[in-house]
Amino acid sequence: MARSGETGVGGEDRRGTKRKSLADAPREDSEDGAAGSGAPEQPRPAAFPPGFSISEIKNKQRRHFMFVRWKQQQRKEKLAAKKKLKKEREALGDKAPPKPVPKTIENQRVYDETIVDPNDEEVAYDEATDEFASHFNRQTSPKILITTSDRPRGRTVRFCEQLSTVIPNSHVYYRRGLALKRIIPQCISRDFTDLIVINEDRKIPNGLVLSHLPHGPTAHFRMSSVRLRKEIKRKGKEPTQHSPEVILNNFTTRLGHSIGRMFASLFPHDPQFIGRQVATFHNQRDYIFFRFHRYLFKSEKKVGIQELGPRFTLKLRSLQKGTFDSKYGEYEWVHKPREMDTSRRKFHL
Amino acid sequence: MVGKQTFPYSLTPPWKSPGGSIMAASARWNHVWVGSETGILKGVNLVRKQAVNFTEAAGRPSREEEVSALCWADAAESQILIGCANRTVKSFSTEEGKFLKSRCCPGGEGTFRGLAKHDGCLITCVESGILRVWPEDSSEHIKELSVGPSVCKMRQDPDRPHIVATGGKENSLKVWDLQGSSQEPIFRAKNVRNDWLNLRVPIWDQDIQFLPDSQKIVTCTGHHQVRVYDLASPQRRPVLEATYGEYPLMAMTLTPGGNSVVVGNTHGQLAEIDIRQGRLVCCLKGLAGSVRGLQCHPTQPILASCGLDRVLRVHRLREPRGLEHKVYLKSRLNCLLLSGRDNWEDEPQEPAPGPPEETETDELWASLEPVVSAAGAKRKQRAPEAQPGGKKRQSLGAQAPLPPLCK
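Chains A and B supply the protein sequences, listed in that same order. If you're matching positions, the first sequence starts at 1 in the numbering used here and goes up one per residue. If you're matching positions, the second sequence starts at 1 in the numbering used here and goes up one per residue.
Treat the hints loosely; a few may be bogus.
[To be verified] Restricting the straight-line Cα-Cα distance to at most 25 Å, the calculated cross-link-like pairs of lysine-lysine (DSS-like) are:
1) A:LYS237 x A:LYS302
2) A:LYS321 x B:LYS285
3) A:LYS327 x B:LYS285
4) A:LYS327 x B:LYS169
5) B:LYS326 x A:LYS346
6) A:LYS336 x B:LYS326
7) A:LYS346 x B:LYS101
8) A:LYS346 x B:LYS49
Everything labelled a hint here was simulated from the structure, so no lab data went into it. Computed from a prediction, not measured in an experiment: that's the story for all the values here.
Here chain A stands alone, though its shape is the one from the complex (with noise of 0.2 Å):
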């Protein structure tokens, strides 16, 4: 068996590293085997030369077992160091100090100059008179297309009609083959307010355009993790007709404030609050989930919410200045992931 072979030569100093720690004062290197110290002598403390680290060990199986021993080494000094933290914060009580802030992506978020000031008057002024002022001045209400790429499968069918279950005013129409440059002036003409293409590929929907039709800007997203309402667990029954409210989280930078308004003009200014429904546009890390829920609050503080209709994850490739035309068009924002992906803490929503 290999261990009692190693009883031989190598075997006391397995033995050896057994009863001492590393930190032994040097000695006589006992790792090359060197039969100096035999069987017959007290099993010394095993010392190791002052730069060893235990990757130089050829042995595997050797090497595998210092690691592990050192591993739950680091555990045991781990857990003591935390108990006696713990054992002081409780002893000195009220005065101890605050416990410190993990750091996270969102904490260590590189600071980014276009993250809109809720005084600035410059900003605001653009954001009244942008293309989507007359949809939160009221005067013009929401209507919604909503179509597919062409010969669209199952899933994305069935996944359309309930997005146009969710949103109110909206339209299903199958895409024949028609090119959206051709769609978008009839649409105007019908006074439709919004078109949302969803992007079919290998019979999963993968992308979503939102365009803002008289002449708004239109988005372009990548669409991931599309959950059908069959796919949710613990679901509620089929959104109703009322108009539901709208959560945006998070949309921080000046791009972000102008997706935020776009999903925003998707839904109709006043939300029926009988309904109890609400669609939420979540931002994290540039992530945009969209999730719609019936809440119910059963007392002040405790409210019950139920998860119906799909869910989704976009993330933004880009935003163009009009309608809905990528060759010829003028893009506001376009991700470039060579020079926008370099940090891991920047964002741009």
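Go by the hints and put chain B onto chain A.
Here is chain B on its own, set in the frame of chain A:
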């Protein structure tokens, strides 16, 4: 969710924007003037790292006055002419930092596509193709030319100010002489030959530049081509054609040296193209949106670019190539003017306010001792100052606003 604010000083220094306040004395030292879609003219000082907004007397931004064209009114760069979307041309003085006058230039439809000043007259060209020459103090134009529909750009030759060039979508490059009285251009470009499928190549001239010291004109098109025309040669077709990228080229500028041009497209890609060989020299990165304005300094390799992503960037073209300044300016930027002066860094320091003169009140303050709790300290301090302080206090007794502090 803003984490700790870090300012890497080399690239993005903290920019202060005293919005609305007119910094009259320092307006002349601004390096870049940018016009935005909200009608605000912004002056940016790169050395002091400040960006200032200038609006007309009303002080409110207004989208009807969206700035569509900017040009210097004179070679000394003391006045700027601003063409707005409501067909007014305003003049702004950089010395004083305020708007001087505005005039309305009706005729034709669309926004201004070119502004120029020649011989005391203002030359304007609008999108529908009406080019008019307006004298200084009259509201009637003295000359009118019809350039053709859908004009994208009109540019004046800096060496010969009576020559202008116009071009647009399906409107080929035409060069006009304003001194003559004819309604025909002196040069009309011809379209290139049909392509390899024998289809007509569409025309879409987006920006025009005159090459200095020669009779050549460079244009960039919406079909990602850069073309050079030579007026001296009998050939009306372009002499050189180079392509870059797959997106329409929106703006173009000449580099110092005259060998190359820098173009920007709707995806925010900037490229320097050598026009003698027709090849790409380098690309500059950083922009995220469509490039609307580009200008290079006449002698130094400094390039200013602005676009729809609301940021003004200043790049350095060589030794070392890269981004130097980046300023976030909150509104979509339409056009810019880079000051061509050479003393970029040297800016005379404003005379520091002289040491305030010693007035009698100051002496009174100096004589009053600080209130100290220990009596001994007070007595020590009082001894040397009692006499002069006392006298002063008597003279100012009626005026001293505060009760005497020492007992």
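Hint-by-hint comparison with the structure:
For the given pair, LYS237 of chain A sits about 21 Å from LYS302 of chain A by alpha-carbon distance, which is consistent with the 25 Å threshold. Straight-line distance between C-alpha atoms of LYS321 of chain A and LYS285 of chain B comes to about 21 Å, which keeps the hinted pair within the 25 Å bound. Pair hint LYS327 of chain A plus LYS285 of chain B holds up; C-alpha atoms about 20 Å apart against a cutoff of 25 Å. With a CA separation close to 16 Å, the supplied pair LYS327 of chain A and LYS169 of chain B stays within the 25 Å bound.
Distance check on the hinted pair: LYS326 of chain B and LYS346 of chain A sit about 16 Å apart at the alpha-carbon level, within 25 Å; holds. For the hint linking LYS336 of chain A to LYS326 of chain B, the alpha-carbon distance of about 18 Å falls within 25 Å, and the restraint holds. Restraint check: the Cα-Cα separation between LYS346 of chain A and LYS101 of chain B comes to about 45 Å, which exceeds 25 Å; the hinted pair is violated. Distance hint between LYS346 of chain A and LYS49 of chain B is fulfilled; the C-alpha atoms sit about 23 Å from each other, no more than 25 Å.
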